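Peer 1: Each chain is listed here by its residues.
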Amino acid sequence: MNEITITINGQPHQVAPQTSVLDLLTTLGHAEQGMALAINQAIISRSEWSEHLLQQDDDISLFQAIAGG
Amino acid sequence: MLTIADKTFSSRLFTGTGKFSDKQSMVDALAASGSQLVTMALKRVDMKNRDDDILAPLIANGMNLLPNTSGARTAKEAVFAAKLAREALQTNWVKLEIHPDPKYLLPDPIETLKAAEALALEGFVVLPYVHADPVLCKRLEEVGCAAVMPLGAPIGSNKGIRTQDFLEIIIEQANVPVIVDAGIGSPSHAALAMELGADAVLVNTAIAVARNPVAMSRAFALAVQSGRMAYEAGLAGQVQQAVASSPLTAFLEEA
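Going line by line, the protein sequences match chains A and B.
So for the first sequence, my numbering puts the first residue at 506; every next one is plus one.
So for the second sequence, my numbering puts the first residue at 4; every next one is plus one.
One chain only, chain B, in its complex shape (with noise of 0.2 Å):
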């Protein structure tokens, strides 16, 4: 079981809510995946077009709301994002992220600091969307964070875990749990995310654009669950050299 703040989680794949073609198969894939915790936006209300009610059948299905600040540029549109989204959804919890550069959404490592230790001491529950920075990681814990969410690879990118040494270094020294978010484009990433200590992943776009998105989504909680099994079995490790798993008899030779 996964601890984070004051909730408890038996499942370690988080999912996000975007890009799915529509309500119904976000709804049957969040379910397939198992996930206890998902992530949602906040915007502005288009007084001309409604946007689809998604937060009835999540919240019907009794899941867990993370409502994130995306579209904040500074640490100042961020705490006014969080308390809009604690207002919207009735929960203090919050997946802090600032990504003011459109091409890469980079998180702003200097605002998300202030933001956090601002949004701590007004008792959110923050989880901060981050580089795969060590010493960030370290800071945003110090100031308060329940969780850190180092990223594998840019939003969307879907290619991987390509900051596997620096997410190796923030498992070690974390004493709040590590979240891989970002990145994950397929099950077998989400392995190694979990074969490497991260306490969970967050999903989103490999399981809302797959051609099945709920068999996809079954794909990643299969992966995670196998993932953290072998953490928690402890990993052989590498060495360069053949070690021979079969006894060296020479059977085939004259005695």
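The shape of chain A in the complex, shown without the other chains (with noise of 0.2 Å):
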């Protein structure tokens, strides 16, 4: 099957299709706690990580709790 292409903050992303939000953030190491995720502008809350599929040209904007004042 062909992979579909996404944007991960700004950097363009291989991954194949059926792929979820959740599938994605444990490939990259990113699906602990103080994680926040949008796909094109709207956020993902984390209880439909596992089943929200992504989808081709989708814009995902990550972010992560740092320290702060």
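Wrong hints could be hidden among the right ones.
Sample of chain A residues at the chain B side, in silico, Cβ under 8 Å [what the hints assert, rightly or not]:
no.	residue
1	516
2	522
3	537
4	539
5	550
6	551
7	568
8	569
9	572
FRET-style restraints, in silico, Cβ to Cβ [as the list claims (entries may be wrong)]:
no.	chain 1	residue 1	chain 2	residue 2	range
10	B	9	A	532	34 to 40 Å
11	A	519	B	24	18 to 24 Å
12	B	171	A	537	41 to 47 Å
13	B	93	A	556	16 to 22 Å
14	B	13	A	522	49 to 55 Å
Chain A is nowhere near these chain B residues, computed Cβ spacing over 10 Å in every case [stated by the list, open to error]:
no.	residue
15	13
16	59
17	71
18	87
19	95
20	117
21	207
22	214
23	221
By construction, these hints were calculated from the structure, which means they are not laboratory data.
Being a predicted model, the structure only gives us computed values, none of them experimental.
We put the CB at the ideal spot given by N, CA and C, even for glycine.
Now that you have both chains on their own, put them together as the hints suggest.
Peer 2: The following block contains the structure:
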């Protein structure tokens, strides 16, 4: 099957069709606590990560909690 | 005890997690501070360089997390950041901060009020970082903020309580907790804020960049307790002339 192309924080990525958000973040090593994600500006909550499948041209913004005042 | 929304705090010293030289010194200093509420920021993940995971030790130490919206320049961006933070940290608490100008990092009052109203309507516990503006603080209370966080001086400036007269008005008028945030550079500044009747203070830079952050944390914790105790004890008022503390018996003079 042909891979689909998405972007993560501006970087192009290839993933297999039927890849879920959780699959992607697990592969990237970013499925831990403290992460949040939006696809095409819409926030996908953690409870939806395992079911939400990535689509061709999805623009993913991935955020992380860091130190701050 | 201090109550904000659904949480009760025995420590009135809140702390930030930024600017520490390393993760361990942050964890140790925050533990020494006795703080039960710590701020965090959110950033876009750098796909090439991983940031330290500071979250796990904070959660392990039982800290309540207060994500901020730092980096937001408009109400719309701040609302989006708050929703992302809610997902990332699984809390509906948010320190709302909107400061478009990087030089002084002063909060934009108009965007802050708009965002506060929107977030409160969506069930967030909103703690807005604002200028020491008594009118704005009342408006923020009216739209449902759980507390207000007026500044003492610009963020990270360590200049202390430069807004004292206005903080006094805010504290007098507020029906929600007042947390003095930003500019507190030394324990004496924190003590002054507490003596004025602030419900809590938020300190970050002064602890994080101290030569010994753990010892400085303890110093701040004591100052906050001391200032609060003095406020509750009722400070003696000020007068222009001397008022003798000893009886004027004139014992050296002939009777």
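Peer 1: Hint by hint, note whether the structure agrees.
Peer 2: Evaluation of the provided hints:
1. 516: Check passed: Cβ of residue 516/A comes within 5 Å of chain B, closer than 8 Å.
2. 522: violated (22 Å)
3. 537: Holds: closest Cβ of chain B sits about 7 Å from residue 537/A, inside 8 Å.
4. 539: holds (4 Å)
5. 550: holds (6 Å)
6. 551: Hint on residue 551/A: holds, closest Cβ of chain B at ~6 Å, below 8 Å.
7. 568: holds (5 Å)
8. 569: holds (5 Å)
9. 572: holds (4 Å)
10. 9/B to 532/A: 34 to 40 Å: Roughly 37 Å apart at Cβ, these two residues keep to the hinted range, so it holds.
11. 519/A to 24/B: 18 to 24 Å: Since residue 519/A and residue 24/B have Cβ atoms about 39 Å apart, the given range 18 to 24 Å is violated.
12. 171/B to 537/A: 41 to 47 Å: Given about 45 Å between the Cβ atoms, the range holds.
13. 93/B to 556/A: 16 to 22 Å: holds (19 Å)
14. 13/B to 522/A: 49 to 55 Å: Since residue 13/B and residue 522/A have Cβ atoms about 53 Å apart, the given range 49 to 55 Å holds.
15. 13: holds (22 Å)
16. 59: Per Cβ check, residue 59/B is inside 10 Å of chain A; nearest 7 Å; violated.
17. 71: violated (6 Å)
18. 87: violated (4 Å)
19. 95: holds (13 Å)
20. 117: holds (19 Å)
21. 207: violated (4 Å)
22. 214: Given a closest Cβ separation of 19 Å, the condition holds.
23. 221: holds (20 Å)
This entry does not satisfy hints 2, 11, 16, 17, 18, 21, going by the numbered hints stated previously.
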